[in-house]
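Enquirer: Protein chains in written order, with the numbering used here: chain A, 1 to 355; chain B, 1 to 355; chain C, 1 to 355.
Think of the hints as simulated: they come from the structure by calculation, not from any bench.
Keep in mind that the hints are not guaranteed to be accurate.
As the list claims (entries may be wrong) - Pairs of lysine-lysine, DSS-like flavour, derived with a Cα cap of 25 Å:
hint, chain 1, residue 1, chain 2, residue 2
1, B, 40, C, 3
2, A, 40, B, 32
3, A, 40, A, 3
4, A, 3, B, 353
5, A, 160, A, 3
6, C, 40, A, 284
7, C, 355, B, 40
8, C, 32, B, 40
9, B, 284, A, 40
10, A, 32, C, 160
11, C, 160, C, 40
12, A, 40, B, 353
13, C, 3, A, 40
14, C, 284, B, 3
15, B, 353, B, 201
16, A, 284, C, 3
To be verified - Pair by pair, the computed Cβ-Cβ distance ranges are:
hint, chain 1, residue 1, chain 2, residue 2, range
17, B, 27, C, 242, 31 to 37 Å
18, A, 340, B, 278, 46 to 52 Å
19, A, 209, C, 161, 35 to 41 Å
20, C, 14, A, 210, 24 to 30 Å
21, B, 39, A, 276, 39 to 45 Å
Please read all numbers here as calculations on a predicted model, not as lab measurements.
Even glycine gets a Cβ: it sits at the ideal position worked out from N, Cα and C.
Now for the letters of each chain:
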Amino acid sequence: MIKSVIDILDLSTEEIDSLLATAADIMENPGKYAHACDGKILATLFFEPSTRTRLSFESAMYGLGGHVISVPGSSNSSVAKGESVADTAHTVSCYADIIAMRHPQEGAALVLANNASVPVINAGDGGHCHPTQTLADLLTIHREMGRFHDLTVGVCGDLKYGRTVHSLIEALSRYPGVRFVMISPDSLRIPTFVRDALGAKGIPFRETVSLEDAMPELDILYMTRVQRERFRDQELYEQVKDSYILTPEKLQNARAEMRILHPLPRVNEISVAVDQDPRACYFKQMLYGRYMRMALILMLLGHPAPAPSRPLIYDRFVCKKRTCITQTEQELRQAFYQVGDSGIYRCIYCESKAK
Amino acid sequence: MIKSVIDILDLSTEEIDSLLATAADIMENPGKYAHACDGKILATLFFEPSTRTRLSFESAMYGLGGHVISVPGSSNSSVAKGESVADTAHTVSCYADIIAMRHPQEGAALVLANNASVPVINAGDGGHCHPTQTLADLLTIHREMGRFHDLTVGVCGDLKYGRTVHSLIEALSRYPGVRFVMISPDSLRIPTFVRDALGAKGIPFRETVSLEDAMPELDILYMTRVQRERFRDQELYEQVKDSYILTPEKLQNARAEMRILHPLPRVNEISVAVDQDPRACYFKQMLYGRYMRMALILMLLGHPAPAPSRPLIYDRFVCKKRTCITQTEQELRQAFYQVGDSGIYRCIYCESKAK
Amino acid sequence: MIKSVIDILDLSTEEIDSLLATAADIMENPGKYAHACDGKILATLFFEPSTRTRLSFESAMYGLGGHVISVPGSSNSSVAKGESVADTAHTVSCYADIIAMRHPQEGAALVLANNASVPVINAGDGGHCHPTQTLADLLTIHREMGRFHDLTVGVCGDLKYGRTVHSLIEALSRYPGVRFVMISPDSLRIPTFVRDALGAKGIPFRETVSLEDAMPELDILYMTRVQRERFRDQELYEQVKDSYILTPEKLQNARAEMRILHPLPRVNEISVAVDQDPRACYFKQMLYGRYMRMALILMLLGHPAPAPSRPLIYDRFVCKKRTCITQTEQELRQAFYQVGDSGIYRCIYCESKAK
Numbered sequence: 001m002i003k004s005v006i007d008i009l010d011l012s013t014e015e016i017d018s019l020l021a022t023a024a025d026i027m028e029n030p031g032k033y034a035h036a037c038d039g040k041i042l043a044t045l046f047f048e049p050s051t052r053t054r055l056s057f058e059s060a061m062y063g064l065g066g067h068v069i070s071v072p073g074s075s076n077s078s079v080a081k082g083e084s085v086a087d088t089a090h091t092v093s094c095y096a097d098i099i100a101m102r103h104p105q106e107g108a109a110l111v112l113a114n115n116a117s118v119p120v121i122n123a124g125d126g127g128h129c130h131p132t133q134t135l136a137d138l139l140t141i142h143r144e145m146g147r148f149h150d151l152t153v154g155v156c157g158d159l160k161y162g163r164t165v166h167s168l169i170e171a172l173s174r175y176p177g178v179r180f181v182m183i184s185p186d187s188l189r190i191p192t193f194v195r196d197a198l199g200a201k202g203i204p205f206r207e208t209v210s211l212e213d214a215m216p217e218l219d220i221l222y223m224t225r226v227q228r229e230r231f232r233d234q235e236l237y238e239q240v241k242d243s244y245i246l247t248p249e250k251l252q253n254a255r256a257e258m259r260i261l262h263p264l265p266r267v268n269e270i271s272v273a274v275d276q277d278p279r280a281c282y283f284k285q286m287l288y289g290r291y292m293r294m295a296l297i298l299m300l301l302g303h304p305a306p307a308p309s310r311p312l313i314y315d316r317f318v319c320k321k322r323t324c325i326t327q328t329e330q331e332l333r334q335a336f337y338q339v340g341d342s343g344i345y346r347c348i349y350c351e352s353k354a355k
Numbered sequence: 001m002i003k004s005v006i007d008i009l010d011l012s013t014e015e016i017d018s019l020l021a022t023a024a025d026i027m028e029n030p031g032k033y034a035h036a037c038d039g040k041i042l043a044t045l046f047f048e049p050s051t052r053t054r055l056s057f058e059s060a061m062y063g064l065g066g067h068v069i070s071v072p073g074s075s076n077s078s079v080a081k082g083e084s085v086a087d088t089a090h091t092v093s094c095y096a097d098i099i100a101m102r103h104p105q106e107g108a109a110l111v112l113a114n115n116a117s118v119p120v121i122n123a124g125d126g127g128h129c130h131p132t133q134t135l136a137d138l139l140t141i142h143r144e145m146g147r148f149h150d151l152t153v154g155v156c157g158d159l160k161y162g163r164t165v166h167s168l169i170e171a172l173s174r175y176p177g178v179r180f181v182m183i184s185p186d187s188l189r190i191p192t193f194v195r196d197a198l199g200a201k202g203i204p205f206r207e208t209v210s211l212e213d214a215m216p217e218l219d220i221l222y223m224t225r226v227q228r229e230r231f232r233d234q235e236l237y238e239q240v241k242d243s244y245i246l247t248p249e250k251l252q253n254a255r256a257e258m259r260i261l262h263p264l265p266r267v268n269e270i271s272v273a274v275d276q277d278p279r280a281c282y283f284k285q286m287l288y289g290r291y292m293r294m295a296l297i298l299m300l301l302g303h304p305a306p307a308p309s310r311p312l313i314y315d316r317f318v319c320k321k322r323t324c325i326t327q328t329e330q331e332l333r334q335a336f337y338q339v340g341d342s343g344i345y346r347c348i349y350c351e352s353k354a355k
Numbered sequence: 001m002i003k004s005v006i007d008i009l010d011l012s013t014e015e016i017d018s019l020l021a022t023a024a025d026i027m028e029n030p031g032k033y034a035h036a037c038d039g040k041i042l043a044t045l046f047f048e049p050s051t052r053t054r055l056s057f058e059s060a061m062y063g064l065g066g067h068v069i070s071v072p073g074s075s076n077s078s079v080a081k082g083e084s085v086a087d088t089a090h091t092v093s094c095y096a097d098i099i100a101m102r103h104p105q106e107g108a109a110l111v112l113a114n115n116a117s118v119p120v121i122n123a124g125d126g127g128h129c130h131p132t133q134t135l136a137d138l139l140t141i142h143r144e145m146g147r148f149h150d151l152t153v154g155v156c157g158d159l160k161y162g163r164t165v166h167s168l169i170e171a172l173s174r175y176p177g178v179r180f181v182m183i184s185p186d187s188l189r190i191p192t193f194v195r196d197a198l199g200a201k202g203i204p205f206r207e208t209v210s211l212e213d214a215m216p217e218l219d220i221l222y223m224t225r226v227q228r229e230r231f232r233d234q235e236l237y238e239q240v241k242d243s244y245i246l247t248p249e250k251l252q253n254a255r256a257e258m259r260i261l262h263p264l265p266r267v268n269e270i271s272v273a274v275d276q277d278p279r280a281c282y283f284k285q286m287l288y289g290r291y292m293r294m295a296l297i298l299m300l301l302g303h304p305a306p307a308p309s310r311p312l313i314y315d316r317f318v319c320k321k322r323t324c325i326t327q328t329e330q331e332l333r334q335a336f337y338q339v340g341d342s343g344i345y346r347c348i349y350c351e352s353k354a355k
């Protein structure tokens with residue numbers, strides 16, 4: 001079976017270490033890799049627009065000497081309309097050596113990987129996974145701090161819906177001495193499943209509504225946006241919104257060696273005045289993202305490997321989630337897995353619980 | 001004059017044989033061709049979306065070491081709006097060495113070819129021609145069956161409007177011992193002009209409404225879709241639709257060496273359960289399409305040749321077809337040709353009859 | 001500071017001469033430049049569609065052996081939506097070595113250049129500047145006439161709003177012996193600021209409403225379109241429109257060595273019958289545009305140079321122009337400059353006057 005990366009969990013700690021090492025080597029010796037993918041073709045299939053991510057993948061492939069074919073994100077693509085994701089997989093496997101796909105439905109990337117004869121990288125499937133964002137975050141932290149262990153990591157903003165935050169917490173939980181500070185309005189607190197996972201692993205964290213209060217203890221400040229549309233109570237939004245906008249004033253009590261990350265795009269949650277601060281790392285993060293994508297493409301094209309497997313239960317449950325790929329894909333079988341021995345079953349495409 | 005391919009009839013039997021041989025050689029020795037088009041530029045101008053065809057052309061060009069510039073099929077392109085096809089031809093000839101165009105109007109590809117100073121490949125002009133699809137079909141049959149002669153070819157579905165079917169019949173009619181079985185609902189039978197052409201050449205065929213009835217005698221089964229919107233009588237559609245969906249059950253009486261083709265995309269006219277059948281060839285057909293496009297690009301870039309000519313009659317008739325390029329193109333002269341000595345005249349752009 | 005080209009005025013006469021020489025050398029020795037940009041990446045960011053210009057840049061980059069990443073002009077790009085131009089600059093600087101941007105707002109290219117760490121070429125910012133069109137015009141005149149000096153240049157059509165005309169007049173005003181004939185309907189006469197600039201430099205020009213009257217004296221005829229929507233009085237439009245359509249008849253009194261230019265696309269302001277006239281140069285102009293863009297990319301990638309500076313006045317005035325980038329860009333400071341010693345101040349982004 002071809003190795004694909006749909007979820008950050010598809011990568012072992014060893015594989016992540018190896019990607020970090022490769023990315024570092026590319027940064028230092030770009031010429032060594034300039035023809036590593038000569039004659040290879042990357043397909044970037046963006047069935048919803050995400051220009052930044054798409055350009056990052058394409059720039060990465062060109063940095064390796066390869067070619068790119070692209071569905072650049074217009075909504076009226078004929079591959080998107082009236083053709084199943086599985087058929088798209090069969091088709092594009094004829095044209096490309098590796099595929100990066102963005103799709104509005106949860107599980108679409110998994111369906112693509114299950115039907116493609118080439119490696120697939122999930123570049124975002126609905127609100128589900130976006131593993132190369134997490135890889136970019138990890139490389140940024142590693143390059144800037146020199147380590148993953150013994151860090152106090154603040155995550156700020158919308159912790160309820162922010163998938164990049166959940167993935168980052170998951171990935172950093174693998175390292176010793178990591179501590180989290182969860183900074184958010186009450187209505188956007190970190191979900192129970194994340195809190196439970198941290199608790200189960202005995203990883204320390206605290207929750208607060210005040211960014212200024214948390215600031216002095218942080219090694220990393222990971223900012224995300226607090227969106228108006230997440231609030232039922234618009235008055236409440238007006239009250240809290242300014243507390244989650246990062247300004248030079250709020251940085252006064254921060255450590256000199258703290259680093260500020262953000263998955264971008266920002267709207268106004270970080271003042272432009274912060275951009276000049278040496279602690280601001282969010283533009284560098286873009287650059288690190290490109291190198292990490294280069295490393296990932298190299299790994300997937302170089303090392304076909306067995307994918308991790310878990311026992312699947314077919315056709316016992318039916319997924320009801322409106323945005324799950326099971327709702328639209330022709331003749332796709334329902335498939336669930338059991339979470340440990342919990343008796344809880346989740347859809348393999350969108351992770352929603354069986355009822 | 002530059003050689004362009006607008007219609008499958010622009011290629012002689014010898015040229016098709018040569019393309020098949022080149023495609024086979026590319027499949028066996030891809031490295032030999034990896035730099036055949038170094039420094040050359042293909043323009044893919046898709047004025048209506050057809051992602052699969054576009055990606056196939058682009059992948060083909062990259063497999064030859066060339067570059068690609070693209071209008072990827074968004075409807076709001078400024079080349080499409082307010083500029084004539086002839087001016088587009090002049091312009092893009094400055095930027096590319098060869099052009100593949102898809103356009104919603106019949107005859108647009110011919111207008112492009114008549115004004116371009118580089119070879120043009122028609123990647124579909126309205127409901128008119130799509131020669132590289134036919135080339136893909138031919139290579140698939142040739143590779144899978146080892147011959148074109150002495151084949152019983154079933155074509156199933158919408159035989160009235162399906163241009164790929166008409167072109168395939170036309171192309172296969174050149175070879176001895178070919179027989180056709182036309183499988184369709186009554187209201188979507190093969191048009192008179194195709195029947196007449198077969199009759200004139202003495203090529204045997206029969207018509208049937210039953211796919212199951214035809215199955216045992218077929219060497220090739222070419223499936224197309226029966227679309228609801230083609231039926232005036234929706235009750236009739238409901239009655240017949242399932243008969244034209246290919247399932248493992250319907251395949252039980254088929255020959256072991258039969259091959260199933262489909263131009264894709266499919267909607268549901270072939271069950272996903274058929275995909276695993278060794279007779280299913282529609283995904284391989286995609287791959288063959290890429291190799292045939294590589295061979296065609298090579299031929300057109302390597303061998304400028306005189307185009308076939310036929311005497312044209314200017315300005316005696318006026319084409320009335322709403323989707324013909326003559327309706328919109330600035331100062332384009334009306335041009336018709338006589339079909340043999342029949343006294344019938346057809347528009348050179350859309351083939352509709354002069355009244 | 002990185003050298004960018006936002007306005008034709010960013011290039012000195014010496015730099016333009018050097019670009020003309022490089023373009024000529026590329027035309028004669030394309031092989032010499034075929035790998036000049038190996039491994040380099042051009043980003044073409046088209047936040048409004050302009051396919052012709054985009055394809056020209058991309059073809060230019062491929063002619064130099066480089067790569068291209070692209071936002072091809074769909075209006076629903078996520079870089080365009082919700083992200084500031086400054087952030088786009090930071091992001092795309094991570095992915096590309098040089099950027100060509102088209103944007104609907106005046107000043108967007110300047111904001112991009114001020115924040116990018118790579119050279120920026122303005123491929124059109126609203127109704128403001130489009131310097132590579134002017135460079136294409138200049139190369140066309142230079143190649144076809146052998147000189148810039150001692151030319152009578154007719155500019156015809158919409159002289160009020162036509163930015164390409166204003167830039168061309170500005171650029172040609174640098175050379176001795178140049179004379180202009182301004183041919184337009186009364187309501188679309190050349191604006192006062194252009195007339196004043198010519199007057200201040202002592203450059204001769206005359207104005208006329210008759211193309212036929214001007215024809216015999218012209219060395220260059222630069223055609224632009226007279227658009228219906230520019231006329232408040234539709235009856236007047238109907239009266240004058242045919243006078244500004246170039247036909248073979250109107251060319252009867254033109255010099256044999258006159259050259260006809262047009263920035264394209266044309267709608268119907270030049271009859272197709274003129275295309276075969278040896279004086280018609282507008283399609284060659286496309287080709288020259290490609291070579292000039294190659295020369296410009298080479299110059300900007302090869303020679304980082306100090307940008308010209310002028311003293312800026314911050315935050316004293318506020319720009320009110322609806323389409324200026326200052327209306328939307330997050331935390332962008334208002335910046336104006338004084339025109340000479342005139343006491344007139346203009347916005348550095350859109351050139352509108354301070355009130």
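Enquirer: Quick check: which numbered hints come out false for this structure?
Expert: As far as the earlier hints go, 1, 4, 5, 7, 10, 11, 12, 13, 17, 18, 19 and 20 are violated by this structure, in ascending order.
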